[in-house]
Every structure is written in C-alpha cells, then in structure tokens.
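Chemist: Residue-level listing of the chains:
Protein chains: 2
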Amino acid sequence: MKTLDKPVPPGGTIGIIGGGQLGRMMALAASRLGLNALIYSDLPDVPAFHVTPLQLIAPYDDRATLSALANVCHAVTFEFENIPAEAMAFLAERVPVRPNPAALATTQDRFAEKSFVAALGLKTAPFFEVSSAEQAREAFGKLTGEGILKTRRLGYDGKGQMRAVSADDAGVAFAALGGAPCILEGFVEFSFEASVVAARGADGCFAAYDPPENVHEHHILRRSTVPGRLTPAQVDEAKAIARTIADALEYVGVLAVELFVAKDGGLIVNEIAPRVHNSGHWTIEACACSQFEQHIRAVAGWPLGNPTRHADVVMENIIGDEVRAWESLARSGALHLYGKKEAKPGRKMGHVTRLAPRSR
Amino acid sequence: MKTLDKPVPPGGTIGIIGGGQLGRMMALAASRLGLNALIYSDLPDVPAFHVTPLQLIAPYDDRATLSALANVCHAVTFEFENIPAEAMAFLAERVPVRPNPAALATTQDRFAEKSFVAALGLKTAPFFEVSSAEQAREAFGKLTGEGILKTRRLGYDGKGQMRAVSADDAGVAFAALGGAPCILEGFVEFSFEASVVAARGADGCFAAYDPPENVHEHHILRRSTVPGRLTPAQVDEAKAIARTIADALEYVGVLAVELFVAKDGGLIVNEIAPRVHNSGHWTIEACACSQFEQHIRAVAGWPLGNPTRHADVVMENIIGDEVRAWESLARSGALHLYGKKEAKPGRKMGHVTRLAPRSR
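Keeping their order, the protein sequence lines are chains A and B. Residue numbers for the first sequence follow this note's numbering, so the first one is 1 and each next one is one higher. Residue numbers for the second sequence follow this note's numbering, so the first one is 1 and each next one is one higher.
Only chain A is shown next, with the shape it has when bound in the complex (with noise of 0.2 Å):
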C-alpha cells in the first residue's frame, strides 16, 4: 500500500471518488488552501464538476481511469463509502489512498462495523447476522422489542432497511431486500440523535467538533443544531468515542459517529461514516476550519485546523422542492446550493445554517 511520506505541496492534486455535494464541498476546501481538486465521477453533469476543470467520468472499477487518476494525484479520498473493494485496492498499490481501503472495508458492512464497536467496549443496539429467512426469524426472538433489519452493504438515508415487529416480519423482511446479506438490529428507544465529526491527522493527531443534535425526518437528516441538548459529560464522552474509533481503524481523515442518546443519558454508536458527513456541514460557517477543509487537510497530511466553534448553529437541509424557496432561505441564512439540476423527493439539494452569538 502506498503511504505519503511527506504532505501535498500547495499545488498538488487531491483526487476526490464522487461527484456529489460532499466532493464539491471537499474539492472547495482544497481550492482554499492552494491544493487542485480532482473529481472522478461514473456520471456526467455532477455536482462537483462545476467546481474544478479536473474531472474523470469512468466506472469506478475501470482501470485504466484508476490508474490515470493514481498518476495525476498526490493523495486520494472519497466522499462516499460504497466504492467496490477491489478498485480500492488497485488503487491503493499506486496512490496514497485516505481513509486507508481497510477502514473503509469494515464501515462498509454494517454487521463488520457493528462488531468493531463493540469489540471497542463501545455501546451498539443489539445486532444478530442474519443470511436466511429462518435466521431472521431466529434472531428476531433474541430482541426484547421491534427489530430493524437492514442489509449490511449499500444502505444511505434509510434506503435498504425495514422495521419488523414480528418473527415472521423479520423472515419477510429479509425476503423483501432481496435475500442480501443482512443485519437485525435490535430497536433503540433513544431521547434524540446526535453524532460527532471528528478527524484524526497522519500523525495521530485528533481534533473533534462539538457534537450536534440531530433531527430526521423520512430517514434524512432535516436539522443538526448546536449546542443541542447534550451535556458537557456527554459532548466529552461523544468526542472520546469518535477518538476510540478513529485511533482503532489508524484512520486519516474526517469520520462521522452517528449516536443514539438513550434515555438513562448513555450513548449508543448506531453508525460509523467513513467520510465528510451531512450533520457537519454547520462547521463552514461556525468554525474558523470546516469538516472539509479539517478532511482536505488529514488527507494531504497537513497540520489540522482549528475545530473551535465561535457562534451557536442550527443547519437545515434543503431537501426536493424546498429549493424552489431559495430566495427566501437566501434571506434568513448561509445558502448552500448543491448545483443539481432536478429536484427529485428527497434528493438533498443545498442547506442552509444560521448563526447566533455563541452561548456556551
């Protein structure tokens, strides 16, 4: 595997796999800082290509383009985790490649992640492997409640997953998505969500934001505010989770640790997100380095930025056709536009964050 033995010189390439708002955001933070931003997309018309004239569009197992990008950058990252294992791996051979290709292999698997979490003594919802219908029956009677099964690759915004309240629901369940590997998972009775972004740098350095409260509607994230309801004890313990996981999986760059905060105050890691994440977007405009550029940064194996938040931040998603409002949401905050040209049901298409003096 090819490791970077000195950081990016300003002017170098960071290549970026993916073309959506978070690349375009990502390839932003590395213009800011000198560095050239290379999108590979396997579409055309991407958000993040209006941000940058280096652009790749390829498959993403093609070889030939994983080579030319390997050749052309000085590191490389990706903004979103279901890239195929063995492209990754190919890559990995030419190019520093971050977050390194193992911990993206165990973030990728929802049962793999799972029981990394709780071989780290963190604290997970109960979860069961599930590979037939009659295991999903089975682990199902292991819950004391409702069961969520979710298939253990591919799942985004609530997509590939299913609530069972019954054995016989989990054995249909399993059959409805597809008869794919799955992952039961007992359900959390939580107070709210919350999560925590943080980054760890290339020398083990750790820098955490403050963690947000979240709110999801439909399964997407509508709303991450901060400071929310969760106490100092608990904003220590959530940033020294994210650390745990971070320095377990030696991982460079910005992860994001979704949290259920349960109703005796514990907190329960319910995903691990091995990229930039949507509930981290309010760090653009309250603190002095965004998660972005804190990614860019680690990626490049540059000193991390400041994570200090200097103002109180609520950041709301624009999601399908709330964008028509944007010359309204224009005038009450910080207008975020992601570029994309239709506005399809829940397709997140800018946010918005608004500022307030800080309060603690």
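In this list, chains with the same sequence are indistinguishable; a pair is considered to hold if it fits within one copy or across any two.
List time: in silico DSBU-like cross-link candidates among lysine-lysine, alpha-carbon distance up to 30 Å:
hint	residue 1	residue 2
1	Lys123	Lys263
2	Lys159	Lys263
3	Lys6	Lys341
4	Lys348	Lys239
5	Lys159	Lys348
6	Lys123	Lys142
7	Lys6	Lys348
8	Lys2	Lys341
Calculated from the structure, these hints are not laboratory results.
With chain A held as given, fit chain B onto it using these hints.
Modeler: Below, chain B without anything else, positioned relative to chain A:
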C-alpha cells in the same frame, strides 16, 4: 445598458473578468450558492482557472470573446478596476454588468474619484489635477507640507506614485511617471489606516462589515484587524461614508473605501475600490456571509447576506517567499493559498486568518 429584470436563478452563470485571487474567491463563493462561475482572463493558468471549468482566455478588448461572455452569462462582474472603458461599454449593452460602468469609470480615475468624493461632502486629502510638470510645481505650492504625485489611472499597491517634498520634486516626479495625467495629493498625517467593506444590493439595500484597522508595509496590505482602534462612533461613520458613496454611484456589489483616521479623529477618504477588497478577506471566517458571497449575491440580484461578525479576527497577507512557511502558517490559522506558481517579491500568495472569541 442591459439590466437584470429578475434574480439570476440557481444554476445560472456569473461571468467574472479577471482571474487572480479575487476572481478565484468570488468563483468559490458563487459555487456555494449553486451558481456557476465563468472566468475571463487575458492570461492562461491564472489562480481562478483552478476552481471552475468555465474559462475564456483573450485580451480584455476582444469583441468576439466579450460577445461570447455576454451570451453565456446571466450577469457579469470584475475583480479589478482597470478594464478598458470601451470593452465595458460593449459588454454592458449585451449583458447586465455590476457594478455599473459609470461607477467603474469614476473609480478608475483618481482625480474623478476624489472630485466625486469631495462633492459628496466627505473629507479627502487636498488634491489637484496635474497635466504638466509646471502644473505639478504650482500645485505643490498650494500644499502645506509634502505631497504624493499619482497617475490618475492604473495604479495599485503603490505603483504609479511618487513622494514629493518640494515643488521641484513634484515636477521631476511628473516626468518620472511618464508624463501621464496625474493628481497631486497633500500628505495626510494620520493615526492609523482603516477601511470599510460594504455592499449595496440591486434593491438599494445596504450592508456594511465592521471596518478593520489596516497596516500597510511597502504600500502593500500587511494586516487587517477587527475590531481595530476605531471608536463605535467612527465605526458608524465609516459605514455611513460607504453608504453615501454606494448610493451616489447607484452601486450594485461590494465596494471598499480606504480611510485615514486623522489625529483629530476625523475619517478621510483615501480611495474607493469598486470590488471586493483585500482588507475584507477576514469576512470568510468571521461572518456567515463573506464579502465574496455578498458580492455575488448583489451581482446576481439576490438578497444580501448577513454581515454580522461573530468573532474577533486578524487577517495577515502572505507575500512572496513567506509562502515557503505554509506548513507552520497552516498550523497557526485558517490558511488561504491562491494557487500561484511563482513567489515573486511583493506578490500576494495567500493569507491567513486567525479568530478569537468576539470581545465587542
């Protein structure tokens, strides 16, 4: 002259004439808003070309390229004031140009600008039109102390100006400046320098940022500090001056007014920059809406953003070889590098912004 009947919609294209760091940061701001940025430069490989695929390269008076620009863009703006007047007139017939060409013409000429400012009842240094060495000597006689002879056009960062401590000096300076039309200004004894960066929207709305205290070295901005030594009354007066000027010019976009703070506390207008300004770079981190986004909002006919400052801030330029220390600069604050390949003496290579909790 073409005007903008309705706001440029998301997905629309803003043309930016000039490809330096100001154009680059404008383009980055346009991208945040979901607008495309097209850069028109007379040189290849300029900083702004790294942040957008939409690029035109031609002399600034090339009519075919100006036509193409007008055809592709919903609105056009510029990052520097020395665009040929005929090119601007040609363009303004074909596409909305903001700020308007008349405002540009006034601020392109130091004598026209000072006359305009004085006519508004604002304070300036004493100044005289100078078209011959003889006039230079005569004008010097009307000053009470030293003077500075400046070419009426094309000066920046101290270029095109010479100090004069005697009438003979003034005559010699006129010849040394190539016999170009000049203005002789009386030297102002000031406590410190300041500036005010403000925006006027297409609807006449006005928004000013807190005025920084500025320090220049060798005629180049070294540092902007907010809050500086201006009193609350001076802060208000600085913003009022910017508003008076912006209204009188029917200005749309961001402008900067450079000020001398006299020993008696009076604010003396030194210069108007009809564009985003180096002394406003701190707004990127310290305000939800940066000067760059504010300018793009105004140019696009969008509502102006909130100029509230939510941190104390010092912005320091990185000049010439200083950029070699990029790694320690990246450690010390929010680093911006402009993607310039060669670090010539006096060349602005980037800047670094350092935040502290807001004190007042």
